[in-house]
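Novice: Fit chain B to the given chain A structure using the hints.
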Amino acid sequence: MTEVARAGRSAPATRTAGLAAWAVPASLALALVGLGLSIYLTVEHYTAPGSLACPVGDAVDCAQVTTSAQSKFLRIPVAVLGIVHFATMLALCLPMLWRRMDRRLWQARLGVAGLGVLFVIYLIFAELFIIEAICLWCTAVHLVAFGLFAVVVLASAMADPSPFDKR
Amino acid sequence: MTEPRLAAMARSARSVARERAERARQARERAARRARRIRTAWWVVAAAPAFVALLVLIRVAIPDAPTGGADGDRQLSSAVIAALRPDPSLLDSVGRGQGVTPPTPIADQPPLTADGKPLVLYVGAEYCPFCASQRWPLAIALSRFGSFTGLTASRSARDDVYPNTATISFHGSTYVSEYLAFQGVELATNERQGRRYKPLDTLTPEQEAVVNTYNAPPYAAQAGSIPFLDFGNRFLQTGASVSPQLLAGLSHDEIAAEIVNNPDGPVAQAILGSANAFTAALCVLTDGQPGEVCDSPAAAAYQAEVGR
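One line per chain: the protein sequences are A and B, in this order. FYI, this note's numbering numbers position 104 of the first sequence as 104, with every residue one higher than the one before it. Add 1000 to a position in the second sequence, counting from 1, and you land on the number used in this note's numbering.
If we strip away everything but chain A, and leave its shape as in the complex, we get (with noise of 0.2 Å):
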């Protein structure tokens, strides 16, 4: 069994993982500022008045996007769904965990990061294709999910030592 692989199964991994600096404020913030983003468009989808209105609009139109069939998934609000993913990370890019030498945990990141860059696109190819409006302060947590994803992808490229590496 590898060191790595010990580290992985093993309770608190003794080793620590070399870091970019910028791995775990950028990450931190990034995280922050999306759940925060994810907040506020949870609010407004449960608080926003006139609930049973077509909002009359123009291509960027905020109403028509977080108003449309496409803005729940599985029956569950895409806010909320931000909420959720962008929770997770923030937990997951705690200083205590970067440092962590755990592949799983590593790779959990890397797969909650991975999974709001997916589901993203699906909501820019909705908003495209389907509803046929731009919602900026999506967009805003598009970019935020984004840059959140290259932030993680780099910084777990760059560490030196890496759980990743075979021993």
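In case anyone wonders, no lab produced these hints; they're calculated from the structure. Treat the numbers as computed from the prediction; the structure is a model and nothing was measured. You may find that some hints are simply not true.
A few chain A residues that don't get close to chain B, going by computed Cβ distances all over 12 Å [as the list claims (entries may be wrong)]: (1) F73; (2) I83; (3) A91; (4) R99.
Derived Cβ-Cβ restraints for the label pairs, each shown as a range [stated by the list, open to error]: (5) B:G1116 to A:R75: 48 to 58 Å; (6) A:R75 to B:R1023: 36 to 46 Å; (7) A:Y40 to B:D1108: 44 to 54 Å; (8) A:Y40 to B:A1050: 22 to 32 Å.
Every residue, glycine too, gets a C-beta built ideally from N, C-alpha and C.
Specialist: Quick look at chain B alone, frame taken from chain A:
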């Protein structure tokens, strides 16, 4: 120094050198793996925005093909025409109904009139599912004070929420009443034209002034949303009074049958209850005329809300 000891020292030195060489080789391999990881990471990071850019390019390149709405025959069936003028006893029995959002009174506004009569202004669009559910109770309530001609069958857009909600359209219709004036404006059809829907009716400058004033904060939470109803500047309804969810999957004739034959069902409770709320508001505009309508239990159901 003895020969065996010298030999041992030489072996030890060779062993140290081998270990150092091995460590250096491992370090080189680790550095190479890290370099490969970083290169892969950059490709992965670049792939996501590149894919989005491709989507945007495709969207820009694709011409906006018009997509037909789910119109079908626009002729109203006799069952629908009958349901729009239900027996008054049916309205009386439903009373307040269920699932109804009544219009909101507004105070101290200049009266909205046309041809010397209180004016009811409706602004909606055929694609809008909330307008679709709103037209049923509105047409029923107005039919108690006058009569429509030229109403047609329509459906909300098939690519929006509550797709294909069966409804009627006010576009091209005429309303005649000795008590009230009615203007129904359908801003767009249910057919796509580019990124919007094909325009239909245009607001007159007078209607636009009403919409700009009363379909905007503080009277409406979201400026310009539809359906919008102004009852003579005495009552406003922004957003639908009845959810289109109730009508999901029902045809025009099935909705008509629900209204006429199933007064305890959710469709009749909502549509007829909302019609009674509108009737109560209209009776305020007409000063209680005609008596057989405004003195009925149906009109009394929402008396408290309209302040009669």
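Novice: Would you check whether the claim that R99 (chain A) is not at the interface survives, using Cβ distances to chain B and the 12 Å cut-off?
Specialist: 18 Å, holds
Novice: Just to be sure I understand the hint, the distance between the Cβ atoms of R75 (chain A) and R1023 (chain B) should be within 36 to 46 Å; is that true here?
Specialist: 57 Å, violated
Novice: Assuming the hint says 48 to 58 Å, is it satisfied by the Cβ distance from G1116 (chain B) to R75 (chain A) or not?
Specialist: 51 Å, holds
Novice: Does 44 to 54 Å hold as the CB distance between Y40 (chain A) and D1108 (chain B), or does it fail?
Specialist: 36 Å, violated
Novice: Hey, does A91 (chain A) actually stay past 12 Å from chain B on C-beta?
Specialist: Label holds. Min Cβ-Cβ 22 Å, cutoff 12 Å.
Novice: Using the beta carbons of Y40 (chain A) and A1050 (chain B), state whether their distance is inside 22 to 32 Å or not.
Specialist: 29 Å, holds
Novice: Minimum Cβ separation between F73 (chain A) and chain B greater than 12 Å?
Specialist: 14 Å, holds
Novice: Take a quick look at I83 (chain A) and tell me if its Cβ sits farther than 12 Å from every Cβ on chain B, holds or violated.
Specialist: Consistent with the label, I83 (chain A) stays out of reach of chain B, its closest Cβ about 21 Å off (over 12 Å).
The structure fails to meet hints 6, 7 from the earlier list, while all remaining hints are met.
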